[in-house]
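Knowing the structure of chain A, use the given hints to seat chain B on it.
Number of protein chains: 2
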Amino acid sequence: MESSDSPLSQLDSLFNPRSIAVIGASDKTGRIGFVVVNSLVQGGFSGLIFPVNPRLTRLLDMPAFPSIEVIPDEVDLAIIVLRKELVLKAMDECGRKGVRAVIVMSSGFSELGEGKAEEELVTKARHYGMRFLGPNCAGYAAPWESVYASFENRVQQGNLGFISQSGAMCAVFLALARAEGLGLSMFVSYGNAADIGPDELLKYLNKHEPSHLIACYLEGLIVRQARQFLLAARLVTPHKPILVLKPGNTRAGARAIASHTGTLAGEQAIYSGAFRQVGILQANTLYEFIDACKTLTALPLPTGDRVAIMTNSGGPGVLTVDACAHVGLTVPQFDSTFMQHLKKVLPPSCSVDNPVDVGPEGNEGTYQHIVQLLLANKNIDIVLVVCVPPAFSDIRAITKAVIAAKRTCTSKPLVTCWMAGDIVAESLPLLEKASIPNFPTPQRAATALSFLVQRARWLNSQP
Amino acid sequence: MESSDSPLSQLDSLFNPRSIAVIGASDKTGRIGFVVVNSLVQGGFSGLIFPVNPRLTRLLDMPAFPSIEVIPDEVDLAIIVLRKELVLKAMDECGRKGVRAVIVMSSGFSELGEGKAEEELVTKARHYGMRFLGPNCAGYAAPWESVYASFENRVQQGNLGFISQSGAMCAVFLALARAEGLGLSMFVSYGNAADIGPDELLKYLNKHEPSHLIACYLEGLIVRQARQFLLAARLVTPHKPILVLKPGNTRAGARAIASHTGTLAGEQAIYSGAFRQVGILQANTLYEFIDACKTLTALPLPTGDRVAIMTNSGGPGVLTVDACAHVGLTVPQFDSTFMQHLKKVLPPSCSVDNPVDVGPEGNEGTYQHIVQLLLANKNIDIVLVVCVPPAFSDIRAITKAVIAAKRTCTSKPLVTCWMAGDIVAESLPLLEKASIPNFPTPQRAATALSFLVQRARWLNSQP
Chain A
5 MESSDSPLSQ LDSLFNPRSI AVIGASDKTG RIGFVVVNSL VQGGFSGLIF PVNPRLTRLL
65 DMPAFPSIEV IPDEVDLAII VLRKELVLKA MDECGRKGVR AVIVMSSGFS ELGEGKAEEE
125 LVTKARHYGM RFLGPNCAGY AAPWESVYAS FENRVQQGNL GFISQSGAMC AVFLALARAE
185 GLGLSMFVSY GNAADIGPDE LLKYLNKHEP SHLIACYLEG LIVRQARQFL LAARLVTPHK
245 PILVLKPGNT RAGARAIASH TGTLAGEQAI YSGAFRQVGI LQANTLYEFI DACKTLTALP
305 LPTGDRVAIM TNSGGPGVLT VDACAHVGLT VPQFDSTFMQ HLKKVLPPSC SVDNPVDVGP
365 EGNEGTYQHI VQLLLANKNI DIVLVVCVPP AFSDIRAITK AVIAAKRTCT SKPLVTCWMA
425 GDIVAESLPL LEKASIPNFP TPQRAATALS FLVQRARWLN SQP
Chain B
5 MESSDSPLSQ LDSLFNPRSI AVIGASDKTG RIGFVVVNSL VQGGFSGLIF PVNPRLTRLL
65 DMPAFPSIEV IPDEVDLAII VLRKELVLKA MDECGRKGVR AVIVMSSGFS ELGEGKAEEE
125 LVTKARHYGM RFLGPNCAGY AAPWESVYAS FENRVQQGNL GFISQSGAMC AVFLALARAE
185 GLGLSMFVSY GNAADIGPDE LLKYLNKHEP SHLIACYLEG LIVRQARQFL LAARLVTPHK
245 PILVLKPGNT RAGARAIASH TGTLAGEQAI YSGAFRQVGI LQANTLYEFI DACKTLTALP
305 LPTGDRVAIM TNSGGPGVLT VDACAHVGLT VPQFDSTFMQ HLKKVLPPSC SVDNPVDVGP
365 EGNEGTYQHI VQLLLANKNI DIVLVVCVPP AFSDIRAITK AVIAAKRTCT SKPLVTCWMA
425 GDIVAESLPL LEKASIPNFP TPQRAATALS FLVQRARWLN SQP
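Same order as they appear, the protein sequences are chains A and B. The first sequence begins at 5 in my numbering and counts up by one. The second sequence begins at 5 in my numbering and counts up by one.
Here chain A stands alone, though its shape is the one from the complex:
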């Protein structure tokens, strides 16, 4: 049976299905076949779930089926978690059943040199007009649609779409995202990308409204994929930012990739140039990657690179200036009118130049007043607020004051650097809720802001 639908609506069957069968469902809690069914249930999937396993009659209070073909309803999406030898037959059954999209989680294909077995999956899918994700993938989660078609399910809802070949890096990234309070609109592990590759995912996420940023961990992008990826990116970047972390950006790293995968070391520089050209932002480290996600999903773009810093401690203020300078942000001196204004508001021991240092006595009132003034200053594009809470200060009250000040100006990016650890921990959920990205060090705050400036500059450079 050939489907008459366009490819995009098949991706809708994949990412927003009305019914899902799990072929290889299991009642053993340690097995992926159990975890996936359980994720779908726990995630609140609103459609029908069909566990498929000839040895089961029920699973998690649902009827189980010996084969996908005997399911009495239509099946939009089938997830295959069988061992490699059984996958092709299952694909055949899916095709006969009229399934529109498949996720093949099973591994043991081209990643282990079994390219021929993988080609057979592609041929089978084409025959039936099905599209599939994988093989050797971790599936996906779509928190806004309540679909957790993966064995990774602890995802907070937000505005970041994340794609990764590697399932392991999905797990790492999701753990970091949880720790940083970063919410996702979607994550997709595309595995070997035998059929659906990163290019199509870019285009899908471009139309996926909750996704404001598309972040890609591009390990082992092969040349064919890369070309398609760049072509797709060119269509997306005018509308949504794309952020890439690609291992191998030093000579030694590129050599390591070359010796492991057979790609050419010289290609790395070509990638970087091509990424820049189509407006893809590139992170160099895992922290840069996650921190750029935090600013790019939450904040408006700045109109320039001029940062005002507010601090209650001189040294951390200067560390913040150092960090801004290091990533190419400008920390301008204030004009004399503005400094006169600050002088009227602050005690004489405070510094009224940039960074404004309100001293350890700076309380919630001071923070609210000064942040508001900085946001209103037309020579300032970005506000970075530092707090090193002394023992007697009320960091929750200061946090609420900054949140209140932010409401007076929603057009300028504002981030905080609350230092540090358990001292400030209880105030971080307040910042997250108010969409104020917080960073534990000045360096991470400044680097994250520099991605906003890069994005704004690239958009401005477009005709």
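Hints may be right or wrong, so weigh each one.
Note that the list lumps identical chains together, so a pair holds whenever it fits in one copy or between two copies.
As the list claims (entries may be wrong) - Restricting the straight-line Cα-Cα distance to at most 35 Å, the calculated cross-link-like pairs of lysine-lysine (DSBU-like) are:
| hint | residue 1 | residue 2 |
| --- | --- | --- |
| 1 | Lys120 | Lys88 |
| 2 | Lys32 | Lys416 |
| 3 | Lys382 | Lys88 |
| 4 | Lys120 | Lys404 |
| 5 | Lys404 | Lys101 |
| 6 | Lys88 | Lys347 |
| 7 | Lys404 | Lys32 |
| 8 | Lys416 | Lys101 |
| 9 | Lys207 | Lys32 |
| 10 | Lys211 | Lys348 |
Everything labelled a hint here was simulated from the structure, so no lab data went into it. This one's a predicted model, so the numbers in the text were calculated from it and none came from an experiment.
This is chain B only, laid out in the frame that chain A set:
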């Protein structure tokens, strides 16, 4: 009364006293005068504690005294937590009582332009032959001696001596240390350093056996202090490493310092040069600072800069090569004999060059065997072990395996990069206990290792 003791033994009275009076002790739990007494008690101080406050007769089950002069025993150390106006009189009483060392936590002196009031404290102390820390300081904690003479008391015992002018940065640093499982042998907030400055603290910590590394946060080091600091450092660095974090290492940062403190911006470069010359290691960011503390306190020095990387995932392996290259570490190719050896041990799908990639199936046995081989390889100076735990892997078992492998070679530095967050959290205490520093990202691991190499190189360069 002039003391006939040498300055060092007076510092012993400060840092290892037999009896402590707290002048300005309070029964109100929110007050510093309460927190300090409580810290001494909770910290298990083995000597006598004398709360001093005319309005109290008892505090925390101890007799309180209306004045220090009526205490029937000798007092080695007095901690003054009175408001500024009362400090000089209290110093006088301490002198008459024969107190040998004083901590003046009270603020409101030279940091607010009240240099004359501070000079009076110095004159008074000289008159009685007393030494003092502060004013405007947070005191100190010495976990090995069970003395917590501070309102900061949540400190894990370890081998790092930390000194900081700023009490707020002490709090920040201690919070980071707690989060990173880094133990301290001592922290000292020296405040305005009217009497005891960072130079004397360096010399004291040089003789303080539990302190293996001296880390200094040098905000607002004035020129006179700087000269003495460098002279002291020159005596210390041949024996113990000194690590410095000094805000103002970019042009913009230096300008910010200059405008706030009146020191010259050009001095920053001179500082860096002087630091290098006397063998002081310099961190550029807060993470570099804390991460260098982790390696320098826990690990032997390497004989070279050749890093072997082991990973169970290709991309993170290459990210690690990138990170090593970025900080100047070498990731050499293995010789063919060694690769043959690895080939015999590992499945054919694994990569046997550097980084060794054992793939997602790599289990505790693989980790133990490979780490042991890398540690035994005479062409390798440092071993960096990466693990991105797949859902089915047992990260605790892998952790124990690495710890067991480490026992076969104690002369080479070994660190781990367990990625990430809550997935690996339960295994981190095992690593801490085994003195294996762990880092959440390859970049932080590589940077931390580069400080070990710097230290080894500097020692080797000495005649």
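Exercise. Enumerate the violated hints, using their earlier numbering and listing them in ascending order.
Key: As far as the earlier hints go, 2, 3, 4, 5, 8, 9, 10 are violated by this structure, in ascending order.
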